[in-house]
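Student: Residue strings, one per chain:
There are 2 protein chains.
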Amino acid sequence: MKRIRLTLAQLNSTVGDFEGNVRKAKLALEQAHALQSDLLLIPELFIPGYPPEDLSFRISFLKANRKALEEFAESTSNKKVVSIVGFIDFDEDLYNAAAVVYDGKVKGIYRKIFLPNYSVFDEKRYFRAGDKLLVLKFGSAKVGLTICEDIWSPAEPLASLVNGFGSQLVVNISASPYCVGKPRFRESYVSMKAYEYHVAIAYCNMVGGQDELVFDGSSFVCDANGRLLARSKSFEEDLITVDVDLEENIRVNLTEPRRRYTYMENLPVEVIQFDEPKQKKQQLNPSIAQPLVREREMFMALVTGLRDYVRKNGFKKVVLGLSGGMDSSLVAAIAVEALGAENVKGVLMPSMYTSKENIEDASLLAENLGIETFTIPITEVYESYLKTLEPMFSNMPRDATEENIQARIRGNYLMSLSNKFGWLVLTTGNKSEIATGYCTLYGDTAGGFAVIKDVYKTDVYRIARWYNDWKGREIIPQRVFVKPPTAELRPNQTDQEKLPPYDVLDGILRLCIEEGLDAEEIVQKGYDPSTVGKVLQMLHTSEYKRKQAPIGTKISVRAFGKDWRMPTTNKFREII
Amino acid sequence: MKRIRLTLAQLNSTVGDFEGNVRKAKLALEQAHALQSDLLLIPELFIPGYPPEDLSFRISFLKANRKALEEFAESTSNKKVVSIVGFIDFDEDLYNAAAVVYDGKVKGIYRKIFLPNYSVFDEKRYFRAGDKLLVLKFGSAKVGLTICEDIWSPAEPLASLVNGFGSQLVVNISASPYCVGKPRFRESYVSMKAYEYHVAIAYCNMVGGQDELVFDGSSFVCDANGRLLARSKSFEEDLITVDVDLEENIRVNLTEPRRRYTYMENLPVEVIQFDEPKQKKQQLNPSIAQPLVREREMFMALVTGLRDYVRKNGFKKVVLGLSGGMDSSLVAAIAVEALGAENVKGVLMPSMYTSKENIEDASLLAENLGIETFTIPITEVYESYLKTLEPMFSNMPRDATEENIQARIRGNYLMSLSNKFGWLVLTTGNKSEIATGYCTLYGDTAGGFAVIKDVYKTDVYRIARWYNDWKGREIIPQRVFVKPPTAELRPNQTDQEKLPPYDVLDGILRLCIEEGLDAEEIVQKGYDPSTVGKVLQMLHTSEYKRKQAPIGTKISVRAFGKDWRMPTTNKFREII
Chain A
0 MKRIRLTLAQ LNSTVGDFEG NVRKAKLALE QAHALQSDLL LIPELFIPGY PPEDLSFRIS
60 FLKANRKALE EFAESTSNKK VVSIVGFIDF DEDLYNAAAV VYDGKVKGIY RKIFLPNYSV
120 FDEKRYFRAG DKLLVLKFGS AKVGLTICED IWSPAEPLAS LVNGFGSQLV VNISASPYCV
180 GKPRFRESYV SMKAYEYHVA IAYCNMVGGQ DELVFDGSSF VCDANGRLLA RSKSFEEDLI
240 TVDVDLEENI RVNLTEPRRR YTYMENLPVE VIQFDEPKQK KQQLNPSIAQ PLVREREMFM
300 ALVTGLRDYV RKNGFKKVVL GLSGGMDSSL VAAIAVEALG AENVKGVLMP SMYTSKENIE
360 DASLLAENLG IETFTIPITE VYESYLKTLE PMFSNMPRDA TEENIQARIR GNYLMSLSNK
420 FGWLVLTTGN KSEIATGYCT LYGDTAGGFA VIKDVYKTDV YRIARWYNDW KGREIIPQRV
480 FVKPPTAELR PNQTDQEKLP PYDVLDGILR LCIEEGLDAE EIVQKGYDPS TVGKVLQMLH
540 TSEYKRKQAP IGTKISVRAF GKDWRMPTTN KFREII
Chain B
0 MKRIRLTLAQ LNSTVGDFEG NVRKAKLALE QAHALQSDLL LIPELFIPGY PPEDLSFRIS
60 FLKANRKALE EFAESTSNKK VVSIVGFIDF DEDLYNAAAV VYDGKVKGIY RKIFLPNYSV
120 FDEKRYFRAG DKLLVLKFGS AKVGLTICED IWSPAEPLAS LVNGFGSQLV VNISASPYCV
180 GKPRFRESYV SMKAYEYHVA IAYCNMVGGQ DELVFDGSSF VCDANGRLLA RSKSFEEDLI
240 TVDVDLEENI RVNLTEPRRR YTYMENLPVE VIQFDEPKQK KQQLNPSIAQ PLVREREMFM
300 ALVTGLRDYV RKNGFKKVVL GLSGGMDSSL VAAIAVEALG AENVKGVLMP SMYTSKENIE
360 DASLLAENLG IETFTIPITE VYESYLKTLE PMFSNMPRDA TEENIQARIR GNYLMSLSNK
420 FGWLVLTTGN KSEIATGYCT LYGDTAGGFA VIKDVYKTDV YRIARWYNDW KGREIIPQRV
480 FVKPPTAELR PNQTDQEKLP PYDVLDGILR LCIEEGLDAE EIVQKGYDPS TVGKVLQMLH
540 TSEYKRKQAP IGTKISVRAF GKDWRMPTTN KFREII
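These protein sequences, in sequence, are chains A and B. 363 is the number that numbering that gives the first Met the number 0 gives to position 364 of the first sequence; each next residue is one higher, with no gaps. 23 is the number that numbering that gives the first Met the number 0 gives to position 24 of the second sequence; each next residue is one higher, with no gaps.
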């Protein structure tokens with residue numbers, strides 16, 4: 000039985016931190032070496048971090064990326080491990096590439112062929128597509144290389160690598176971002192490919208947060224029948240090592256249907272020869288991490304996104320306004336999970352409209368979480384604003400103006416604490432609010448990171464319920480779950496005066512944003528036409544607020560971020 | 000002598016305003032018909048507006064776009080004018096396309112072959128590339144079609160259209176955005192192509208503002224020797240009509256060198272036959288608009304960008320803070336030019352640090368411009384903030400925190416006027432400030448449109464000087480030109496305490512942002528290494544502010560907008 004031993008280094012890189020990224024790669028190499036691995040996989044564009052965006056256009060950045068790769072290559076001397084690591088290759092153009100590094104040298108380079116240019120991806124802005132396959136031979140065993148999108152493309156390059164050039168194993172280094180259900184979907188899809196082409200596949204994904212993106216990791220290896228051999232943890236760094244049987248795919252049940260694919264005849268292949276893999280004596284028990292339930296998966300994505308944004312940007316502590324409502328309660332819980340209670344500061348900023356209940360609930364939450372709080376009443380400053388504005392506003396009725404002034408006073412207080420103490424301000428708006436513009440620009444949207452900006456209100460409740468269950472006690476007080484949501488900017492205000500019930504609102508928004516349905520199609524799903532019209536109207540006219548909103552973790556198929564590029568100036572209105 | 004009569008309709012479309020866009024197209028058709036034109040050109044993606052961005056993914060938007068095209072097509076019945084108009088073609092995919100419309104029907108469709116996916120363009124996100132040429136025959140005369148980027152590409156499709164299929168005239172419909180010097184560069188480039196291929200070219204460009212982009216128009220027609228036949232105005236709608244001699248390019252001086260290009264042999268061509276152009280009796284005197292001087296060009300771009308943002312978004316009036324400094328003075332002047340003095344409101348918001356001179360200068364400017372002003376002192380609210388923050392700040396020295404509080408108070412006042420009266424808030428920050436983060440988030444950056452965000456401070460002075468000259472009097476008071484720039488957020492503050500002199504700063508920023516040079520290369524140009532290091536450090540660490548800044552008109556090669564996609568989380572620092 001011919002086996003090859005693989006180590007998948009599911010690591011968390013930081014964009015531009017060449018020193019730190021190389022340090023992590025070296026450590027992974029040490030571990031792979033100690034485990035007698037033949038092949039080490041390190042994620043896509045790991046050396047510069049992913050996505051480097053327009054930094055890719057800076058020569059100094061490209062040079063630092065090349066130097067870092069060379070430094071890593073040097074460290075591989077006398078280690079009998081072939082390492083595959085992502086970097087930016089460049090000559091007269093740029094390539095999303097994988098370096099094959101062995102014994103102190105870069106032995107070969109594979110350039111990604113399929114460049115995603117949809118959703119959050121802009122790879123055609125940066126990279127030229129590769130036009131050559133790369134196969135590593137370990138003795139007679141053949142291993143084909145792919146990078147991320149290459150393996151999601153319908154037939155090539157897998158067809159050529161397997162049916163054309165006889166690879167028994169295809170490896171993929173990836174930076175595949177998270178959205179709800181993605182770990183499961185990704186593994187199912189790739190396993191089906193393994194089954195379809197009858198080839199073992201090792202998929203090594205990046206982990207960690209980079210601005211709005213979170214990479215969940217969830218790397219895995221499956222055999223030539225699509226059966227799972229190993230799976231790493233989600234949302235944390237993890238190294239898994241596994242032996243893959245390379246002869247298995249000739250012991251195939253020939254009664255099963257086997258599709259034969261044609262391959263791109265003109266795609267040349269480069270082959271790099273290495274020694275026969277040593278047949279290991281010591282048996283491995285590769286780990287198979289358990290998948291997470293939906294709410295936990297979302298929660299961990301939010302924790303990871305926040306933690307990495309805070310730490311990678313050099314912050315230690317965060318501050319947020321606690322209103323006693325559900326959104327700020329959940330954000331506080333996520334922040335404590337991400338950073339520890341000692342690094343989270345809560346600020347109560349009551350006005351004349353703030354209820355006793357909300358102050359009690361905010362205080363109880365802070366106590367349950369063990370976070371320090373401060374109280375700054377906004378009434379005096381608010382009165383002072385109204386007084387100075389009176390000459391101009393004298394005869395006009397109160398409206399949203401006065402509500403927004405209050406929200407912006409709170410924003411100013413939080414920012415002043417941020418400026419004075421170096422705490423990052425977290426905003427607490429959810430996706431339902433941000434979609435409808437039910438928020439005050441420079442008020443509750445003021446801050447460095449919008450923790451739950453991609454979480455619908457109905458999911459905010461779901462995650463909060465799961466969180467209390469998980470913790471085994473009511474950290475988020477029970478009353479927060481049952482009282483009607485309110486911005487408390489005028490007497491007896493509730494969200495539902497301006498918005499449809501949240502289950503209806505979220506249903507319409509999901510169909511529009513994630514599913515891409517237009518008004519007519521949404522109505523066909525059973526929603527009231529005038530409600531649909533009203534919701535889409537709010538969505539289309541609040542674009543200017545979203546343009547100036549802070550970034551936050553994407554957890555849905557389509558978040559308000561890189562994958563939502565709507566013009567602000569837009570006269571289109573969907574008529575039903 | 001065989002002639003064809005062309006009308007170039009340089010029109011201002013609005014994204015999503017199908018009704019308004021079609022109305023303009025119909026009007027242009029009437030005019031072309033009255034002038035006995037054979038061919039009418041209407042810009043790229045004119046029907047949906049450009050760029051429609053992610054609206055292109057909404058089925059309802061695509062359907063409305065098709066319906067609008069059909070409506071325009073119907074209006075062409077019994078008009079003997081062949082019209083070319085840009086729209087989104089779609090079957091199972093999307094195409095940036097030109098419809099050939101004649102006598103009530105769509106006679107043919109050309110799909111753009113070269114899709115720009117660099118700079119501000121993301122066309123590969125939206126469109127599939129066309130793979131077929133289209134030639135219109137008027138009797139025996141051949142006219143080749145191209146869309147924008149098609150004509151910027153080095154050889155094809157021009158080589159095939161001209162040398163392959165014998166077109167005597169190539170027309171281009173375009174949505175080519177403005178940057179300083181672009182009108183001249185574009186015309187030179189395309190005229191050289193005409194000379195090179197020995198073919199007449201008609202280039203019909205869009206005009207007007209759409210979010211950060213301004214289209215300057217500056218459409219033109221040149222003959223087969225690259226000589227200008229007609230040029231439309233810049234920054235306004237304009238129709239030009241011109242007769243092009245189609246036999247001229249066989250009366251060529253054969254002693255001149257003529258390059259012969261190979262063409263893509265596999266590119267198929269569709270030919271649509273129309274009647275021989277009627278030979279007109281009435282002579283035309285096509286207009287040739289004068290090009291604008293640099294400062295006027297920039298000023299008009301800023302005026303157009305602001306005017307269209309305000310009007311297309313349904314605003315009428317704007318409000319801005321007047322500090323007595325140069326930035327707010329120029330923005331006020333631009334606003335008055337764009338919207339009329341009656342639609343511009345100035346607000347003076349003095350603090351204890353505001354000098355008498357600045358109040359005088361702000362008032363004098365407002366008087367000169369004829370705009371209404373209001374005065375709201377911020378001192379009382381500021382004191383109230385400090386008092387409430389004292390328990391937390393007690394022992395700490397004053398720093399940028401207290402400065403930012405003042406800026407944010409002003410932001411809150413301006414926004415409250417916006418909310419109460421429906422005035423759009425204009426921000427007044429320039430590119431030098433925004434590049435270095437020398438601004439307060441939610442303070443002076445609070446507003447709907449950042450009028451001069453892409454104008455370096457040194458250019459702000461240049462444009463202001465030109466403006467006073469142009470107006471023939473010192474509308475911007477002389478003292479504003481000579482006093483040192485200051486934010487007036489603490490006693491005796493000047494910009495130069497924190498920033499290098501503006502000519503040095505702007506020089507370094509231009510080399511870095513527009514020219515893409517890295518630190519080492521900038522130093523080689525003669526700048527002090529420590530200053531370069533400091534400037535690039537400020538640039539790299541203020542990304543989070545730019546992410547939340549309002550949009551504003553792009554006038555440089557590279558603005559902080561669609562063409563500046565930098566990660567916020569970024570540990571890369573350029574070391575010299």
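No lab work stands behind these hints: they were computed from the structure. This one's a predicted model, so the numbers in the text were calculated from it and none came from an experiment. We put the beta carbon where it would ideally sit given N, CA and C, even for glycine. Treat the hints with care, since some could be wrong.
[Said to hold, decoys possible] Covered, in the sense of this in silico footprint (three residues per stretch, anywhere, with C-beta under 8 Å from a C-beta of chain B), are these stretches of chain A:
| no. | region |
| --- | --- |
| 1 | 51 to 65 |
| 2 | 114 to 122 |
| 3 | 181 to 193 |
| 4 | 384 to 390 |
| 5 | 434 to 448 |
| 6 | 545 to 558 |
[Stated by the list, open to error] Computed spacing ranges between beta-carbons, pair by pair:
| no. | chain 1 | residue 1 | chain 2 | residue 2 | range |
| --- | --- | --- | --- | --- | --- |
| 7 | A | D502 | B | R564 | 51 to 59 Å |
| 8 | A | E379 | B | I358 | 23 to 31 Å |
| 9 | B | E379 | A | D502 | 43 to 51 Å |
| 10 | B | R310 | A | D468 | 29 to 37 Å |
| 11 | A | V503 | B | Q289 | 57 to 65 Å |
| 12 | B | P483 | A | M351 | 42 to 50 Å |
| 13 | A | D398 | B | E379 | 18 to 26 Å |
| 14 | B | R564 | A | G103 | 31 to 39 Å |
| 15 | A | E389 | B | E236 | 43 to 51 Å |
| 16 | B | E366 | A | D398 | 44 to 52 Å |
| 17 | B | E18 | A | E236 | 37 to 45 Å |
[As the list claims (entries may be wrong)] Calculated lysine-lysine pairs in the DSBU-like style (CA-CA distance at most 35 Å, straight line):
| no. | chain 1 | residue 1 | chain 2 | residue 2 |
| --- | --- | --- | --- | --- |
| 18 | B | K570 | A | K104 |
| 19 | B | K123 | A | K533 |
| 20 | B | K355 | B | K62 |
| 21 | B | K561 | A | K533 |
| 22 | B | K104 | A | K62 |
| 23 | B | K25 | B | K104 |
Student: Hints first: check each against the structure and report whether it holds.
Tutor: Taking the hints in turn, this is what the structure says about them:
no. : hint                        : result
1   : 51 to 65                    : holds (count 10)
2   : 114 to 122                  : holds (count 3)
3   : 181 to 193                  : violated (count 0)
4   : 384 to 390                  : holds (count 4)
5   : 434 to 448                  : holds (count 4)
6   : 545 to 558                  : holds (count 5)
7   : A/D502 / B/R564: 51 to 59 Å : violated, 36 Å
8   : A/E379 / B/I358: 23 to 31 Å : holds, 27 Å
9   : B/E379 / A/D502: 43 to 51 Å : holds, 46 Å
10  : B/R310 / A/D468: 29 to 37 Å : violated, 54 Å
11  : A/V503 / B/Q289: 57 to 65 Å : holds, 59 Å
12  : B/P483 / A/M351: 42 to 50 Å : holds, 44 Å
13  : A/D398 / B/E379: 18 to 26 Å : holds, 23 Å
14  : B/R564 / A/G103: 31 to 39 Å : holds, 36 Å
15  : A/E389 / B/E236: 43 to 51 Å : holds, 45 Å
16  : B/E366 / A/D398: 44 to 52 Å : violated, 32 Å
17  : B/E18 / A/E236: 37 to 45 Å  : violated, 56 Å
18  : B/K570 / A/K104             : holds, 27 Å
19  : B/K123 / A/K533             : holds, 32 Å
20  : B/K355 / B/K62              : violated, 59 Å
21  : B/K561 / A/K533             : holds, 30 Å
22  : B/K104 / A/K62              : violated, 56 Å
23  : B/K25 / B/K104              : holds, 14 Å
When each numbered hint is compared with the structure, violations occur for hints 3, 7, 10, 16, 17, 20, 22.
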